[in-house]
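Asks: What follows is each chain in one-letter form.
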Amino acid sequence: MKKTQVKLQAIQGNHSSALAAIDAGCRFYAGYPITPSSEVAEKMSSLLPDVDGVFIQMEDEIASMGAILGASLGGKKVMTATSGPGFSLKQEHIGFAAGAEIPCVIINVMRGGPSTGMPTRPSQGDVMQARWGTHGDHPVIVLAPDSVAEIYQQTLRAFNLAEQLRVPVVVLFDEVLGHLVESITIPEADTFERVERKWASGPEAEFQPYRDSGNGVPEMAMPGSGYRVHTTGLTHAEHGFPTQDPEIVERVTERLFNKISANYSLVESYEAEQCEKADVVIVAYGITARATRRALRKAREKGIGAGLFRPVTLWPFPQERFIEEVNPDAQILVPEMNRGQLSTEIERIAGRERVTSLPRFDGEPISPQQILEKIVEITAHG
Amino acid sequence: MKQIEIRLSGSGGQGLILGGRLLMHTLMLAGYYVAQSQSYEPTSRGGLSRSDLVASESPVEFPLATELDMIIVLDQVAVEPSRSLIRPGGLVFSDSQRVTQPLEGEFNSFEIPFHQIAREQGNPRGANIVALGLLVELGRFATQENLQTAIEKLTPQRFRSVNSTVAQAGKQWARDLDLKS
Chain A
1 MKKTQVKLQA IQGNHSSALA AIDAGCRFYA GYPITPSSEV AEKMSSLLPD
51 VDGVFIQMED EIASMGAILG ASLGGKKVMT ATSGPGFSLK QEHIGFAAGA
101 EIPCVIINVM RGGPSTGMPT RPSQGDVMQA RWGTHGDHPV IVLAPDSVAE
151 IYQQTLRAFN LAEQLRVPVV VLFDEVLGHL VESITIPEAD TFERVERKWA
201 SGPEAEFQPY RDSGNGVPEM AMPGSGYRVH TTGLTHAEHG FPTQDPEIVE
251 RVTERLFNKI SANYSLVESY EAEQCEKADV VIVAYGITAR ATRRALRKAR
301 EKGIGAGLFR PVTLWPFPQE RFIEEVNPDA QILVPEMNRG QLSTEIERIA
351 GRERVTSLPR FDGEPISPQQ ILEKIVEITA HG
Chain B
383 MKQIEIRLSG SGGQGLILGG RLLMHTLMLA GYYVAQSQSY EPTSRGGLSR
433 SDLVASESPV EFPLATELDM IIVLDQVAVE PSRSLIRPGG LVFSDSQRVT
483 QPLEGEFNSF EIPFHQIARE QGNPRGANIV ALGLLVELGR FATQENLQTA
533 IEKLTPQRFR SVNSTVAQAG KQWARDLDLK S
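Those protein sequences? They're chains A and B, same order as listed.
Position 375 of the first sequence, counted from 1, bears residue number 375 in our numbering, the numbering being contiguous throughout.
Take any residue in the second sequence, count from 1 to its spot, add 382: that is its number in our numbering.
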């Protein structure tokens with residue numbers, strides 16, 4: 001038996017996100033426990049006191065989201081965790097975070113829905129809600145890890161992106177990954193980058209709380225620092241006061257999106273494997289991507305040219321990279337644990353005639369065999 | 383790429399999740415990458431409960447069980463849900479008292495008095511540990527020392543000695559078993 005060279009630890013997916021949050025510098029967590037995400041709160045409640053952090057179990061999910069936004073405005077790196085029903089409740093405040101540009105990280109461990117659905121069964125049903133769950137045109141970043149190790153990496157990255165771009169970042173995975181225990185290596189603290197928020201600088205009198213500081217992102221005023229703080233959900237001009245001036249409204253709304261697109265090289269992450277010459281490319285994320293890996297190996301054993309495009313950044317979708325990487329003549333298969341949510345986005349990019357959806361929404365994960373059978377079916381008719 | 387898939391199944395309260403954790407550590411000590419998953423029903427006692435392990439020499443590709451090499455069945459309730467997941471030639475070990483209609487099919491089925499052995503060795507709730515001693519001995523994926531180390535590390539001090547004895551009894555049963563190759 002070949003021995004592994006690295007020191008591995010048995011870590012649960014939910015715990016992995018909590019460990020990463022602490023390592024990223026998160027010092028405030030407010031939440032309301034909900035299956036299958038509760039172990040995130042449980043772990044944070046035991047870890048935070050040791051690093052002089054604050055853990056609060058709030059009365060509900062709405063209050064939890066409000067609490068982390070308050071703490072973030074006060075200067076802390078913050079996180080909450082939930083599942084579908086709680087994610088629905090948090091949407092109003094997520095919109096506030098997007099509009100008032102308050103950095104925060106939300107872990108959403110997806111379970112069967114709609115409504116209270118199936119608390120202990122996996123789903124990928126919140127893909128569209130993560131993007132458009134709150135009203136109005138708004139920016140949001142959604143990261144979709146596919147392993148316990150990647151939950152750690154992407155939670156770290158979520159904090160960096162939230163702080164750097166002043167935007168809510170959702171880390172989205174399902175019950176299988178949340179409760180999965182895998183043997184992984186937690187990186188040493190000095191091996192990864194921790195990004196800190198850009199605080200207000202320069203002459204106090206000239207400071208404007210929502211003025212682009214150069215990369216599309218305004219500097220933030222620490223309450224009590226002397227710089228003027230103005231936080232509002234109303235559409236506001238650079239000085240922070242509400243406005244309905246069409247020219248200003250268009251400019252400031254555009255900036256909310258531009259700060260993401262101008263910095264998209266930071267945001268973007270994806271994996272493309274043998275997509276350029278493939279006859280069929282599978283677009284998969286989360287646990288479904290793990291099933292796809294085995295299906296691909298078996299398909300290749302049958303002589304089928306199959307590739308994988310795995311968006312790690314689910315929103316904004318890495319559209320340009322997809323177009324660059326994927327053979328324009330390839331058929332596209334999108335397996336997912338919902339009725340075809342990402343599939344519609346892929347249809348928009350690749351064209352309807354090329355895309356086949358492989359939906360599953362019975363509370364069971366998609367199996368490698370199920371994907372393999374569909375690959376064989378598509379290539380046989382191709 | 384060598385891969386092993388093992389399921390511990392039975393009803394809630396039989397220590398299957400702890401058994402899974404112990405086996406995960408045992409496999410890790412033997413140098414494997416491991417993924418462990420479990421069914422997670424709203425009830426904590428009674429009803430189907432299971433813990434699955436997928437171990438591989440390289441990082442685990444798909445972490446859920448699809449073709450079980452070995453399965454422990456400690457209660458009748460766990461018989462049917464696993465039927466389609468056992469690979470041809472796989473090893474099925476059912477409790478000879480609590481499983482009244484063991485699985486039959488293209489695999490090797492054995493009846494073992496897991497609960498009785500545990501009781502005789504002084505831990506009436508140690509059927510899960512008996513199973514681990516047996517699995518490690520027959521599976522040859524790890525040593526009994528790996529299992530003993532996992533028991534020392536993960537079970538409460540007051541149970542360590544008896545758990546160790548119970549695991550040894552499982553090992554002995556495995557040695558006496560006629561595997562019909």
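Bear in mind the hints are in silico, worked out from the structure with no lab data behind them.
Treat the numbers as computed from the prediction; the structure is a model and nothing was measured.
Don't take each hint at face value.
Straight-line Cα separation of at most 25 Å, DSS-like style, residue types lysine-lysine; simulated pairs [what the hints assert, rightly or not]:
#, chain 1, residue 1, chain 2, residue 2
1, A, K7, B, K384
2, B, K535, A, K302
3, A, K277, A, K302
4, A, K7, B, K535
5, B, K384, A, K298
Asks: Hint numbers the structure violates, sorted upward?
Replies: The structure breaks only hint 2.
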